[in-house]
Amino acid sequence: MKIFIKRLVFLFVVIGIWQLVYVSGVFPDIAFPSLILVFESLFNGFTSGDLISALLASFRHLLLGLSLAILIGTALGVLLGKSQQADETAGMYLVALQSIPSIVWVPLSILVFGFTEFAVIFVVVLGGTFVMALNVRSAIHSVPPQLVRAARTMGTSGFSLFYRVEIPSSVPYFMSGIRLAWAFSWRALMAGELLSNGPGLGYSLRFAQDYARMDQVIGIIIIIGVIGAVMDQLVFSKLEKNVMKRWGLHKS
Amino acid sequence: MFLEVNNVSKSFADKDRGTFEVFSNIDLAIKENQFVSLLGPSGCGKSTLLSMVAGLESVTEGTIQLDGQNIIKAGPDRGMVFQQPSLFPWLNVKENVMFPLKQIISRQEASERADHFLKMVHLSRFKNHYTHELSGGMQQRVAIARALAMDPKVLLMDEPFGALDEQTRHILHKELMKIFQETQKTILFVTHSIQEAIKLSDRVVVMGTRPGRIMADFQVDLTRPRMRDDEQVIALERKVMDLLESEIDKVLKDELSHENIH
Ligand SMILES: Nc1ncnc2c1ncn2[C@@H]1O[C@H](COP(=O)(O)OP(=O)(O)OP(=O)(O)O)[C@@H](O)[C@H]1O
Ligand SMILES: [Mg+2]
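Taken in sequence, the protein lines are chains A and B.
Residue numbers for the first sequence follow our numbering, beginning at 846 and rising by one.
Residue numbers for the second sequence follow our numbering, beginning at 14 and rising by one.
These are calculated hints, taken from the structure and not from any lab test.
These figures come from a predicted structure and were not determined experimentally.
Take these hints with a grain of salt, some might be off.
[Stated by the list, open to error] Only part of the chain B face toward chain A is listed, based on derived beta-carbon distances under 8 angstroms:
| id | residue |
| --- | --- |
| 1 | L69 |
| 2 | W103 |
| 3 | F112 |
| 4 | Y143 |
| 5 | H145 |
[Claimed, not checked] Label pairs and their computed distance ranges (CB to CB):
| id | chain 1 | residue 1 | chain 2 | residue 2 | range |
| --- | --- | --- | --- | --- | --- |
| 6 | A | L908 | B | H205 | 53 to 59 angstroms |
| 7 | A | A941 | B | H145 | 36 to 42 angstroms |
| 8 | B | S270 | A | V1016 | 46 to 52 angstroms |
| 9 | A | L1094 | B | A229 | 44 to 50 angstroms |
Virtual Cβ for every residue (Gly too), placed ideally from N, Cα, C.
Please put together the full structure from these sequences, using the hints given.
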């Protein structure tokens, strides 16, 4: 509770300083709008439905893109984790691909798919797939050989061994993979949408820029920040922590 | 004979020397319901031999037979307890014990059998706990219950109490003796401790190293429970100790001379 109050006070201090700077008139209004105007434009955006449809479009892209990234990444990761051949051949390229910032894929995607929503989804998929694959690969490598040996002495082998030992044993690393895939996909989504022809939050952001609406720009940045923080802290980190605890992996 | 190791050799592929032979021409015959301990200096191949009986390691030469059947792969007729408990952290205690049973009997039966063996190791109270909530000794008891639950013909134990404190080890010795007498299992038990071997076993097989071989095979015809200060126990301990000391000396000298060369 104390922490909550500290954070609230901090927020009010920031808002106060913002308004002071605004009132002092050091910066032109177009670069430094009143926070009241920001909240007003946010309110208008929601009541007119513009922001809501943009949000829905963004979530649609994210959901599709992230699901595909998790599926493809898992398949790739399992392949690389199980087959040393595949890992030696392609593992290094995966690391290289993973290091490419996802915004770099946007021109490529637009050239292939045109200014469509699928171009955005494609960027999201690329954003999440490689990090997912790398994490699933290390998840499989991290299965303790001792557990596999123990399972074999109990007559477990082949697919049953994979399904009853290797998969459950990988779950914590798999969860980290999902959290990272989400983080990467979310960033890729914004990059993709910024350069797209809409709809989506990123597109609305650029639209606001084109019309020099700093109040809207800041409003949308706030939305993006809040969504990111909420998803990360309340959904993915929590999920990961619970799994870690259940698997006895973190002592507190 | 019930469990027969016939003229068995084991070599590993080795980077420098091509192949590295751990031991060769090992012969060992174990009767049903016999408790046999394997003693020997570190590196003589005790774990390797046990893993071969379990079917986790291949046999380079010779054959290992259980009940007349050649052992080629791991199977539930040989239960193994490792030095680390090797329990599955995503399952609770009871589910761990039921793990080997799921594929062979109904859920109901598996549940009853798990309860039975958890009771045998005095862990009924903890059956819904996760394994990381248990002490090392308790985890090892779960591992023993899990191995017993699939009703193996042989129980293989590789230094199962090696990582435990003296007190806990003493308690588990008593439990193991009780289980041995109740279940009439055949047990092959690897240990570093001469006292442990003599306290528990019907037979103590002493292995030597470089080359790995069986040096001696002692019958322990003493009534249980055996006391540490029993004269016969002490006499036997001395005999095994003398045998092992010269062997451990040999290993040390060998390693020292190696270091002087390099
Ligand atoms: N997978 C392997 N590859 C190569 N060499 C191995 C392998 N496993 C064991 N060895 C070698 O075989 C020898 C016997 O090992 P093993 O683990 O059976 O000894 P041990 O008698 O159980 O020793 P300890 O008492 O220390 O447990 C050692 O020299 C070891 O280096
Ligand atoms: Mg060993």
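Against the structure, the hints:
{"no.": "1", "hint": "L69", "verdict": "holds (6 angstroms)"}
{"no.": "2", "hint": "W103", "verdict": "holds (5 angstroms)"}
{"no.": "3", "hint": "F112", "verdict": "holds (6 angstroms)"}
{"no.": "4", "hint": "Y143", "verdict": "holds (6 angstroms)"}
{"no.": "5", "hint": "H145", "verdict": "holds (3 angstroms)"}
{"no.": "6", "hint": "A:L908 to B:H205: 53 to 59 angstroms", "verdict": "holds (57 angstroms)"}
{"no.": "7", "hint": "A:A941 to B:H145: 36 to 42 angstroms", "verdict": "holds (38 angstroms)"}
{"no.": "8", "hint": "B:S270 to A:V1016: 46 to 52 angstroms", "verdict": "holds (50 angstroms)"}
{"no.": "9", "hint": "A:L1094 to B:A229: 44 to 50 angstroms", "verdict": "holds (45 angstroms)"}
Comparing the model with each numbered hint stated earlier shows that all of them hold.
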